[in-house]
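Order-wise, the sequence lines are chains A and S. Take 1 as the starting number for the first sequence in our numbering and just add one per residue. Take 1 as the starting number for the second sequence in our numbering and just add one per residue.
Derived by calculation from the structure, the hints in this document are not laboratory data. If you're wondering where the values come from, they're calculated on a predicted model, not measured in any experiment. One should not assume that every hint holds.
Calculated cross-link-like contacts (lysine-lysine; reagent style DSS-like; alpha-carbon spacing at most 30 Å) [unchecked claim]:
#1 A:K132 - S:K14
#2 A:K399 - A:K460
#3 S:K16 - A:K522
#4 A:K132 - A:K147
#5 S:K21 - A:K460
#6 A:K147 - A:K431
#7 S:K14 - A:K401
#8 S:K16 - A:K294
#9 A:K399 - A:K132
Residues on chain S that point at chain A, a partial pick, calculated with CB under 10 Å [unchecked claim]:
#10 T5
#11 W27
#12 V33
#13 A36
#14 L43
#15 V72
#16 L73
#17 R83
#18 N86
#19 Q88
#20 N93
Glycine included, every Cβ here is placed at the ideal spot set by N, Cα and C.
Residues per chain, in single letters:
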Amino acid sequence: MNRLIAALAVPALLAANAAYAGPAVGEVQKQAMNIPAIAMFLAIVAVTLGITYWAATRTRSAADFYTAGGGITGWQNGLAIAGDYMSAATLLGLSSMVYFKGFDGFVYTIGFFVGWPIILFLMAERLRNLGKFTFADIASYRLDQTKIRTFAAVGSLTVCVFYLIIQMVGAGQLIQLLFGLDYIYAVIIVGALMMIYVTFGGMLATTWVQIIKACLLLGGGTLLLYLAFAQFDFSFETMADRAISVHKDGLKIMGPGTLLSDPVSAVSLSLGLMFGTAGLPHILMRFFTVADAKAARKSVLYATGVIGYFFMVVCILGLAAVTIVGTDPSYFEGGVVGGKLIGGNNMPVMHLAKALGGDVMLGFLSAVAFATILAVVAGLVLAGASAISHDLFANVIMKGKASERAEVRASKIASMTLGTIAVLLAVLFEKQNLVFMVGLTFGVAASANFPVLFLSMFWKGLTTRGALLGGLTGLTTAVVLVILGPAVWKTVLGHAQALFPYDQPALFSMPAAFLMAFVVSKLDSSVGAAKEREIFDDQFVRAQTGLGAEGAASH
Amino acid sequence: MSKLTYERIRANPKFKELVTKRTRMSWLFAAVVLGAYYGFVSLVAFAPQVLHMPLSSGRTTWGVVLGFGIVVLSWVLTALYVRRANTQLDTLNNEILRESL
Chain A
1 MNRLIAALAV PALLAANAAY AGPAVGEVQK QAMNIPAIAM FLAIVAVTLG
51 ITYWAATRTR SAADFYTAGG GITGWQNGLA IAGDYMSAAT LLGLSSMVYF
101 KGFDGFVYTI GFFVGWPIIL FLMAERLRNL GKFTFADIAS YRLDQTKIRT
151 FAAVGSLTVC VFYLIIQMVG AGQLIQLLFG LDYIYAVIIV GALMMIYVTF
201 GGMLATTWVQ IIKACLLLGG GTLLLYLAFA QFDFSFETMA DRAISVHKDG
251 LKIMGPGTLL SDPVSAVSLS LGLMFGTAGL PHILMRFFTV ADAKAARKSV
301 LYATGVIGYF FMVVCILGLA AVTIVGTDPS YFEGGVVGGK LIGGNNMPVM
351 HLAKALGGDV MLGFLSAVAF ATILAVVAGL VLAGASAISH DLFANVIMKG
401 KASERAEVRA SKIASMTLGT IAVLLAVLFE KQNLVFMVGL TFGVAASANF
451 PVLFLSMFWK GLTTRGALLG GLTGLTTAVV LVILGPAVWK TVLGHAQALF
501 PYDQPALFSM PAAFLMAFVV SKLDSSVGAA KEREIFDDQF VRAQTGLGAE
551 GAASH
Chain S
1 MSKLTYERIR ANPKFKELVT KRTRMSWLFA AVVLGAYYGF VSLVAFAPQV
51 LHMPLSSGRT TWGVVLGFGI VVLSWVLTAL YVRRANTQLD TLNNEILRES
101 L
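Work the whole structure out from these sequences, hints included.
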């Protein structure tokens with residue numbers, strides 16, 4: 001509150017921007033209370049809590065909790081998948097990359113997008129036909145239940161927890177910035193809300209929170225796009241021309257710059273993004289919420305459309321911000337155009353909202369950004385809790401003999417526990433540089449989860465030993481390379497030179513995992529292995545035709 | 001499901017047809033998208049000047065057009081895939097299931 005008073009006491013210095021009159025506290029500055037933002041945020045919270053209440057009356061069985069009873073339609077699931085993928089980081093981060101780097105940001109954005117068609121072509125129907133609640137169900141379908149399920153559950157949990165830390169720390173900083181709320185309160189509010197959504201409303205509430213947020217994000221983005229284009233007579237040429245004339249890199253922003261000039265980094269990054277996406281447990285889980293393979297395919301079609309559209313909008317907003325935000329002294333510290341942006345490097349699209357639609361638009365976009373974080377962390381907690389309650393508790397510890405009531409109770413306890421851990425870790429990691437965590441999350445997803453899942457569905461020869469050693473190889477290689485890479489070895493540990501020159505490990509850790517899984521499986525001549533290979537033929541029929549697949553529960 | 005049913009399905013020539021058709025389409029489309037994307041990334045890495053070339057006299061460059069083209073290509077192929085899989089191939093799939101149960 002002292003800061004708020006201090007901020008209000010110096011309005012003369014930053015007259016035009018009361019909302020940005022926060023004192024400088026390092027990289028992230030706390031801002032004065034933003035009233036329209038808080039009002040809209042409260043409205044969103046009220047609606048989502050209402051939905052959670054409604055969902056809670058319909059969430060009884062384990063299937064309800066994990067997959068909303070398989071009763072989500074293709075359209076709804078498509079929006080929810082898109083919602084899971086359009087995080088606050090993509091809205092703020094990608095537009096900021098285009099703002100600063102021009103075309104390079106656009107290339108990066110495309111890398112985030114192209115995984116989706118591949119997931120549809122190669123995985124969507126198999127996932128739906130073979131899966132039940134978690135991706136470990138598929139990985140362990142014909143392999144050793146205890147070993148492979150434990151490995152897949154640990155892989156899921158690792159990814160979920162890393163990803164949760166990134167999102168929670170980002171959330172705390174963003175909320176501090178946009179709403180003028182202390183970091184600790186911001187993190188606790190996010191944590192409490194996500195626990196309520198997941199614990200009471202399960203997958204049904206989580207999905208609807210995701211759908212609402214996706215619609216708000218799409219609506220807000222489109223409105224902003226319209227307002228931005230109106231400034232340039234609705235011509236991309238004019239927008240580009242003006243941006244080129246004011247950007248410090250001039251004409252260069254319309255083509256590749258230095259960001260991705262190193263091909264190894266570029267390829268490793270894109271592999272990590274593409275196949276990491278196909279190994280994210282909260283995304284994979286979405287395939288089990290629809291009735292059949294037909295709906296699963298449709299959901300990826302809609303998701304691909306929505307994600308592609310949104311990403312293009314975000315890039316154009318970044319380009320528009322070059323002219324609109326980049327030439328306006330009121331968005332720079334001390335009023336120096338080209339100096340440090342008020343609020344930090346992730347702010348161009350927020351400043352753009354303020355410039356085009358005033359405090360109301362800024363408030364709206366801030367509230368949507370908050371809702372976005374809430375929805376994404378809820379999905380992560382649900383996926384993590386499922387790995388604990390369905391995989392570890394019900395199947396590994398209780399060997400499938402746990403009653404449904406016990407499993408549902410375990411899932412709720414797991415959600416609360418994970419939520420609490422996430423809040424504690426977010427407090428612990430507040431001041432850390434988290435770049436390495438992104439590499440770690442996608443690295444582990446692409447190199448441990450994805451190879452085991454993919455081979456179990458596509459390669460008859462895969463055995464338990466091969467899957468386990470392959471997955472462990474991918475996991476360790478990814479983790480070790482991230483530690484030896486620039487983000488940890490240089491930035492966090494302070495050594496002069498990184499032992500491994502790249503931030504993204506996927507180009508090396510993925511082939512290592514596949515190779516190990518292949519060689520070990522080939523050499524595996526045990527009786528169990530022969531049986532596992534034999535079951536593949538029946539699994540294949542089910543994967544292709546959906547015969548024997550988990551059906552939708554009736555509601 | 002009983003082992004016998006799975007056995008019967010595998011023996012059905014229509015099942016082979018379904019698998020061949022779907023597999024061919026999956027890998028072909030995946031190869032096209034991956035080829036287009038990694039072709040684009042190669043241009044970024046090895047021949048950036050190509051992407052800097054303006055389309056005509058304006059400001060829009062080949063880089064912008066090709067990048068956007070990848071997104072459009074992905075949309076078109078996903079739509080084609082879903083249409084064919086959800087109609088033609090699902091019909092075949094249903095026939096197989098009907099004949100084998």
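To see whether the hints hold, each was checked on the structure:
1. In summary, the hint linking K132 of chain A to K14 of chain S is supported, as the alpha carbons are separated by about 27 Å, within the 30 Å threshold.
2. Restraint check: the Cα-Cα separation between K399 of chain A and K460 of chain A comes to about 25 Å, which is no more than 30 Å; the hinted pair holds.
3. A C-alpha spacing of about 26 Å is found between K16 of chain S and K522 of chain A, which places the hinted pair at or below 30 Å, so the restraint holds.
4. The hinted pair formed by K132 of chain A and K147 of chain A meets the criterion: a straight-line CA distance of about 18 Å does not exceed 30 Å.
5. Of the pairs offered as hints, the one joining K21 of chain S and K460 of chain A holds, with about 20 Å between alpha carbons and a cut-off of 30 Å not exceeded.
6. Taken as a hint, the K147 of chain A and K431 of chain A pair is broken in the structure, with Cα atoms around 37 Å apart against an allowance of 30 Å.
7. The straight-line distance between the Cα atoms of K14 of chain S and K401 of chain A is roughly 39 Å, outside the 30 Å bound, and the hint therefore fails.
8. Between K16 of chain S and K294 of chain A the CA atoms are separated by roughly 20 Å; this keeps the pair inside 30 Å, and the hint holds.
9. Only pairs whose Cα atoms come within 30 Å are accepted, and K399 of chain A paired with K132 of chain A is accepted, the gap being roughly 16 Å.
10. Taken as an interface hint, T5 of chain S checks out: its beta carbon lies about 7 Å from the nearest beta carbon of chain A, inside 10 Å.
11. Residue-level restraint check for W27 of chain S holds (minimum Cβ-Cβ distance to chain A is 8 Å; threshold 10 Å).
12. Annotation: interface hint on V33 of chain S holds; nearest CB of chain A at approximately 5 Å, less than 10 Å.
13. Annotation: A36 of chain S was flagged as interfacial toward chain A, and the flag holds, the nearest CB pair being 9 Å apart, inside 10 Å.
14. The closest approach between the C-beta of L43 of chain S and any C-beta of chain A is roughly 8 Å, which is under the 10 Å cut-off, so the hint is satisfied.
15. Because the beta carbon of V72 of chain S sits about 8 Å from the nearest beta carbon in chain A, less than 10 Å, this interface hint is met.
16. Restraint check, L73 of chain S versus chain A: the minimum CB separation of about 9 Å is within 10 Å; hint holds.
17. At about 9 Å, the closest approach between the beta carbon of R83 of chain S and any beta carbon in chain A falls short of 10 Å, and the interface hint on this residue holds.
18. Taking 10 Å as the C-beta cut-off, the interface hint given for N86 of chain S holds, the closest approach to chain A being about 5 Å.
19. The criterion of a C-beta within 10 Å of any C-beta in chain A is not met by Q88 of chain S, whose closest approach is roughly 12 Å, and the hint is violated.
20. For N93 of chain S, the suggested interface contact is upheld, since its CB lies about 6 Å from the closest CB of chain A, less than 10 Å.
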